[in-house]
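Top line first, the protein sequences correspond to chains S and X.
Once you know that position 315 of the first sequence is 315 in the working numbering, the rest is easy, because the numbers rise by one and skip nothing.
Once you know that position 67 of the second sequence is 1067 in the working numbering, the rest is easy, because the numbers rise by one and skip nothing.
Because the hints were derived from the structure by calculation, they are not lab data.
Incorrect hints may have been included.
To be verified - Below, simulated DSSO-like cross-link-like pairs (lysine-lysine); rule was C-alpha separation at most 30 angstroms, straight line:
1. S:K172 with X:K1053
2. S:K261 with X:K1053
3. S:K103 with S:K170
4. X:K1053 with S:K262
5. S:K289 with X:K1053
6. S:K261 with X:K1067
7. S:K170 with X:K1067
8. X:K1067 with S:K258
9. S:K101 with X:K1053
10. S:K172 with X:K1067
11. S:K46 with X:K1067
12. S:K258 with S:K170
13. X:K1067 with S:K101
14. S:K103 with X:K1067
15. S:K101 with S:K46
16. X:K1053 with S:K258
As the list claims (entries may be wrong) - Listing some non-contacts, in silico: residues in chain S with all C-beta distances to chain X over 12 angstroms:
17. P53
18. G118
19. R247
20. G292
We put the CB at the ideal spot given by N, CA and C, even for glycine.
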Amino acid sequence: MTGADRAAGVGVSAAAAMALLTAVTLALGATARTSGAEETAVPRLKAVEVPRPSNESDEAVLSRPLALALDENDLFMADGQDCAVKVFSREGRFVRAFGRKGKGPGELSFPSGVAVAGRTVLVADKLNSRIQAFDREGRPAGAFPTPFLPDRVYALADDVILVTGNPSGKRKGEPLLHIFDAAGRLRWEGLAASSSGDPVYDAFRNMILVCPAGGGDFYVVFRSGGRTVLRFASTGALLGRITVDGRHRSRPLDLPFKGRKKRLLGFCWAAACDPGLLYLSAPAPVDGKDLGPGREISVIDGEGRMRAVIALGRAVHRFVVEGDRIFAIDDEGELRIFEVAR
Amino acid sequence: MKKLAVLALVGLVLGAAALTFSMAPDVNEQSLCNRNHAECREYVFGLDDPWYKVMVLLTACDIAFGKCMLGL
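Isolated chain X, as found in the complex:
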């Protein structure tokens, strides 16, 4: 029973990963993600805002990049 539960869990994880990566963007879209991420960071640097705000905005750029790469 325990073995079955572990197998089901592994299956679920692999299934979720397969689903996610099957939706991952192609090379062109990845390139676009990279470009957008670089531009996002540059806009933040250009703001020259106080550093806590810069940290929050840079983190937001990274989250957006992660979502883009996962095709979400």
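Just chain S, same shape as in the assembly:
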């Protein structure tokens, strides 16, 4: 090899090294930018409201809708004030209502939860302390008592009914979750309520939202507190904890609770599941320093990562999601149907 060749070789090596260095630098920069982008930018989707047919019947008016459940045909809504379950088509057309105030079979007192299990509609008949079953036409089909005031009811599987209850605030460690079989036999109860000695503060700390995750599993989301979502099996076994992405915004709220200053961290106003995804609506500021229902829904995957944000045109209190459709109760207690534009 001549000196000229060596010089040329060195020159080529130096040029190659420079090129490699430049490529690595560019690649690293690109990676940094990419990961930064993954960390901050979340697709922002808009939900467009779907017009509903007008409902002429007085029964179609919702007085205090507390819960909603969807099946392949209809949307069922528990109306606490009217002591009835109101059924709408998926397009929002009123179909029928069943139940009336009372204590007898088919009668309800402040129904606060509804679920559909095959051909049966389960209703959390709160002030009658029972879970009542109806057929799809609204005929009573049995009931079982609960030793607490049932709040929400979920059909996790054919023979597995999950019922939540708000703690009374008078005893320590009251269970928030209760699993019954279809005959009303208690199979499991757990998730002890936290107790600090301040019943009002504890009431907020123990506010939970539940959504079935499929396959009998279910998620429990605390409305205030940390960013942890719990996943349970239909047996009551705790399967895991998911830490939700920091991009889902929590909002602190100072309330004048008794004793030393305590701060609430508003994490979620309402929650719903669609296979594989968790939809959490973040609380939003209202009337200055207060927190109320929000207009945005965070889409969270099974690992807690935020996949998208859905912007709704209005604040919603409760909702269920199926595919691109969101069925929600707005601030005025009206049913709203949204379609997510992708």
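Since the structure of chain S is already known, use the hints to place chain X on it.
Chain X in isolation, oriented as in the chain S frame:
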């Protein structure tokens, strides 16, 4: 004189307590107080109102419960 004043004060406190507890509701009424308190809280939860309002209403439920238990 000071001792007499303390004794009078203690007597007053005990008398007031006796008067209050003699008017306290019986077991059935206590059960009704508990029931009403639970229902009050559930109605508040059902409102799903902003949290400051919920806090005020829950406090009102607790005050009503306290009054009920004291038979006031």
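Okay, the hints, checked on the actual structure:
no.	hint	result
1	S:K172 with X:K1053	holds (25 angstroms)
2	S:K261 with X:K1053	holds (18 angstroms)
3	S:K103 with S:K170	holds (26 angstroms)
4	X:K1053 with S:K262	holds (17 angstroms)
5	S:K289 with X:K1053	holds (11 angstroms)
6	S:K261 with X:K1067	holds (26 angstroms)
7	S:K170 with X:K1067	holds (16 angstroms)
8	X:K1067 with S:K258	holds (18 angstroms)
9	S:K101 with X:K1053	holds (27 angstroms)
10	S:K172 with X:K1067	holds (23 angstroms)
11	S:K46 with X:K1067	violated (50 angstroms)
12	S:K258 with S:K170	holds (16 angstroms)
13	X:K1067 with S:K101	holds (29 angstroms)
14	S:K103 with X:K1067	holds (28 angstroms)
15	S:K101 with S:K46	violated (40 angstroms)
16	X:K1053 with S:K258	holds (16 angstroms)
17	P53	holds (26 angstroms)
18	G118	holds (28 angstroms)
19	R247	holds (23 angstroms)
20	G292	violated (4 angstroms)
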